[in-house]
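Enquirer: If you want the building blocks of each chain, they are given just below.
There are 2 protein chains.
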Amino acid sequence: MAQSGKRVLISAPGKVILFGEHAVVHKKLAVAASLGLRTYLHLEENETGQCRLHLPDVDIDLTWLLSDLSLSIDLKTLETGHPMDIPEEIKQQLENWMGVTTREAQRQAVLAFLYLFFVLKTDKPTSFGFSINTRSTLPVGAGLGSSASFATCIATALLVLFNHIPTGFAQSEKKDSYLDTINRYAYKAEQVIHGNPSGLDNSVCVFGGALSFRRGEGFVPLEGFQSLQLLLTNTKVPRSTSALVAGVTAKKEKYPNVIDPILDSIDKISLRCCEAFKSDSKADLAQELEDLVDINHCLLHALGVSHSSLEKVRTITGEYGVKTKLTGAGGGGCALSIIRDDVNVETTNSVAQKLAGEGFDCYRTSLGGTGVNAVILIDDSLDQAWLINADRETLEAHAI
Amino acid sequence: MAQSGKRVLISAPGKVILFGEHAVVHKKLAVAASLGLRTYLHLEENETGQCRLHLPDVDIDLTWLLSDLSLSIDLKTLETGHPMDIPEEIKQQLENWMGVTTREAQRQAVLAFLYLFFVLKTDKPTSFGFSINTRSTLPVGAGLGSSASFATCIATALLVLFNHIPTGFAQSEKKDSYLDTINRYAYKAEQVIHGNPSGLDNSVCVFGGALSFRRGEGFVPLEGFQSLQLLLTNTKVPRSTSALVAGVTAKKEKYPNVIDPILDSIDKISLRCCEAFKSDSKADLAQELEDLVDINHCLLHALGVSHSSLEKVRTITGEYGVKTKLTGAGGGGCALSIIRDDVNVETTNSVAQKLAGEGFDCYRTSLGGTGVNAVILIDDSLDQAWLINADRETLEAHAI
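Residue numbers (my numbering), protein chains in the order written: chain A, 97 to 496; chain L, 97 to 496.
Chain A with its partners taken away, still in its complex shape (with noise of 0.2 Å):
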C-alpha cells in the first residue's frame, strides 16, 4: 500500500523529430531526440479523500471525491483493446466526469488521465487522496511532444502512486522493465489523445536519448548519439497535421516517380545522421547534420509541408550561417536550427532576437534530454505553487 504523505516530482522530457517526418507515414526511417524541455509533475498524496487534477497549461482545474469515482464495469479488464474501443456507457460515465471542460485539448487530457485511473487504480482507505499538479516548459501542440511528454508523467504518477513501480525505478536495477512498463501505459494515454500514435514520440519520452524508427520495425536507440545544443524556434501558425499528411499522400499519388524517390532520400538522410553519430568527430558530425538538415527541409518543402513563417526562420538564421529544419508536420510549428558548439552565444542571442521580433518563440534548449524520472520530494518548500512559479533552471535542477 502506498506510504503515506508521498510527494514526488516527476518529469519527461519532450521530443523533437531530427529526420523523416512525413516520410515515416510511408514507411521511411525516421530519427526522433528527446529534449532538454519537460513535463513536470508534482504528486502529492493526501487524507482528503480527494484527487485534484491541475494543470494550468490547459487551464485544468478539477477535483473529485474518490468515492464517486467508480465506474459500471472494471476498466483493467478492456485493457487489451484500443483504450477508446470500450463500451459506449462507460465513455459516457467519464465524459460525466470531465466538468465544463470545451476545448479539445483539455478533454483529451483529461479524458486520458481519467483512464488510466481507473486501469491502473487499487484499493486504498477512505482517507486517501491525492494531487496532481503538471507545468511543461514545451509549447502545447507545436510538434514537440507536449502531449506524450504530459502522458508519460501522468502514467508515471499512477504507477507510482498505486504501487505498480518503485518512485526510485529509473535507479532500479529492473529499470528497464519498469520503463517498459511506463511505455506501455503511457501510450494508452496518448491513444485516448490522438487515436492512433505512432508510439515514437512517448518511446522518446520515456527512454530519453534518440532513437530511428521505421512503421512496422519499431524503434532502436542510436548509437554513439551524444547531446547537441539546439534553437527551437515555434512559428505559433496553426496548422492540421492529418491535412498536411493527406496532402503529401495526394501529392504522391498524382506524381508518384517525382515524389518516391524524394521519400527514398529521405530515408537515406534518416541512416546517415544514424551513420554520423558513429563518427568519432563532433565537428565532422556537426557538419553532416548541418547538410541533412538543410537537405531534409528543402525536400520536405518539396513535399509541400513548409509554409512562409517557416522559411522566414530558415531566413533569419542562414544570415548567421545557421541551418534550420522544420520539424514535425510542418505546415507552421516548429523549426529546428543546430548551434554548432563554435558558434557563440553573441550570436545565438542575436539571432533569438531577430526571431522573437518577428514574433516567434524561441527555445534554446538540448537534445537528448534525460528520460522520465521521479525524485522524491523531502524539503516541505517544494510544493505545488512552488512548481507553478519555478523557472526552467529551477525545475531542472530538482527534477533530474
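The reader is advised that the hints may include incorrect statements.
Treat identical chains as interchangeable: a pair holds within one or across any two.
Said to hold, decoys possible - Listed next, the in silico SDA-like pairs over lysine to any residue satisfying Cα-Cα at most 25 Å (straight line):
| hint | residue 1 | residue 2 |
| --- | --- | --- |
| 1 | K123 | H178 |
| 2 | K347 | F373 |
| 3 | K350 | S377 |
| 4 | K102 | I182 |
| 5 | K270 | D164 |
| 6 | K348 | S375 |
| 7 | K450 | H403 |
| 8 | K450 | V215 |
Read the hints as simulated data drawn from the structure, not as lab findings.
Owing to the predicted nature of the structure, the values given are computational and were not obtained by experimental measurement.
With chain A fixed as given, assemble chain L onto it according to the hints.
Expert: The following block gives chain L in isolation, referenced to the frame of chain A:
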C-alpha cells in the same frame, strides 16, 4: 554570288531551362524552351571593302579592311575538330585582329565571329563589304541563352552573306536541312565562347519551341508543346556556373545515397513535363507545370544551388500565388515564374513592381518563341540606327 545591297534582319530566341538544370550534368533528362526575348542582327552588304562588327550590348564596334583579313592556313581545312584545336599561330593571328577588347565576354564574341568568318567566307569582289549590328532583348550572362542566341544570329548572317543558305531559308522546303547547317555553325561559335557546351542552348535558339535533352542521347522536340506566359526575374547576382556544378558533384560524392534519388526525382519531373504537354487540358497543364516548378526548385535548393535572392523572388511571387523556380545554374542569376492564363494583368504588374522594388530586372515574355528567322528588309529606314533604337515590340513585329 551575293546580290548587291543585301539587307537582312535576322533574329533568334533566347532559351530557358524549364526543368533539369544540374541534374542534366549527371545524365538526367532536362527540358528547355525558347523565349519570346530575342537577339536581333541587322546585316547590310555594301561596297566599302570593309567589315564592321557592331555589338552595342557588349560595347564592341570594330571595323576591318576585308583585304587585311587573311590567315596563313585556310581554316576551312580545319573545320572538323573543335574550333579552338587550331594551331597556336592561327590563334595568334586571330588575336591580333581583336583590337583593345579586354573583357572576356567581348573577346569571346569577336573570336566567335572571326572564326566563323574564316570558315564560311567565299571569294568576293574587292569592293565587297558588310556590316553587322546586333541587339538583344536578353540580359547577358543571366542563363537565358544570350550567347547561343548571338551565335545563332552570327552563324546565320555569315551563311546567308556568303550564300551557303538562302535568305528565305525559314520558308524553304529544305528548311530542316538549312536549320541543321545553321545549328552546326552556331554550335561551333558556342564552342569558341564556352569550350564544351552541351549544344542544348544553340539547338533551342535555332529550332525554337521546346526540346528535351539527355546527355549522350541528344534532343527530342516536345510533342504537343504550347506557348505559356512567363515572368523572368534577373536577380543580377553574379555567380560561377562551374563552381555551382562542382558543388553539386561534391555533394553527390559525399552523400550519394541522399543525392542520387534527388537527381532521379528531377529526371522524372522532366519526363512528367513532356507528358503533360500531350494533355488536352491547358488548365491541367498549367497546374502540373506549377507543381513541377515548385518541386524542382526545392530539389535544386536541396542540391545547394539556390540563393537568398532567388528565395526572395519565390517569397514575393508566392504571395500572389505565382510559382517560381530558379533557371540555369542558380546561385543568383534568373528565376522563371509561370503566369497562368487566369492570372490578371494587374496581378502580374503588382508582382513585377514588387520585384523591381527589390532591385531585380523583370521580363514578361512567353515560352516557345519561333526559332531563327531572317527577313529581307525593303524599307530603307530600317537601318542600323533603327535597330539600336527600336523598342522590343517593333523589333518583334519586323523580325518574325
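Enquirer: Decide, hint by hint, whether the structure agrees.
Expert: Each hint, compared with the structure:
1. Only within a single protomer do K123 and H178 lie at most 25 Å apart by alpha-carbon distance; the minimum there is 22 Å, versus 51 Å between protomers.
2. Proximity of K347 and F373 under a CA criterion of 25 Å is satisfied inter-copy only: 19 Å between copies versus 33 Å inside one chain copy.
3. For the homomeric pair K350 and S377, the shortest alpha-carbon distance between copies (16 Å) is at most 25 Å, but the shortest distance inside one copy (42 Å) is not.
4. For the homomeric pair K102 and I182, neither the shortest alpha-carbon distance inside one copy (32 Å) nor that between copies (93 Å) is at most 25 Å.
5. Proximity of K270 to D164 under the C-alpha cut-off of 25 Å is found in neither arrangement, the shortest distances being 35 Å within a copy and 97 Å between copies.
6. For the identical chains of this complex, K348 and S375 are inter-copy neighbours only, at 20 Å across copies versus 34 Å inside a copy, given an alpha-carbon limit of 25 Å.
7. In this assembly of identical chains, the alpha carbons of K450 and H403 lie at most 25 Å apart whether taken from the same copy (18 Å) or from different copies (21 Å).
8. Proximity of K450 to V215 under the C-alpha cut-off of 25 Å is found in neither arrangement, the shortest distances being 48 Å within a copy and 61 Å between copies.
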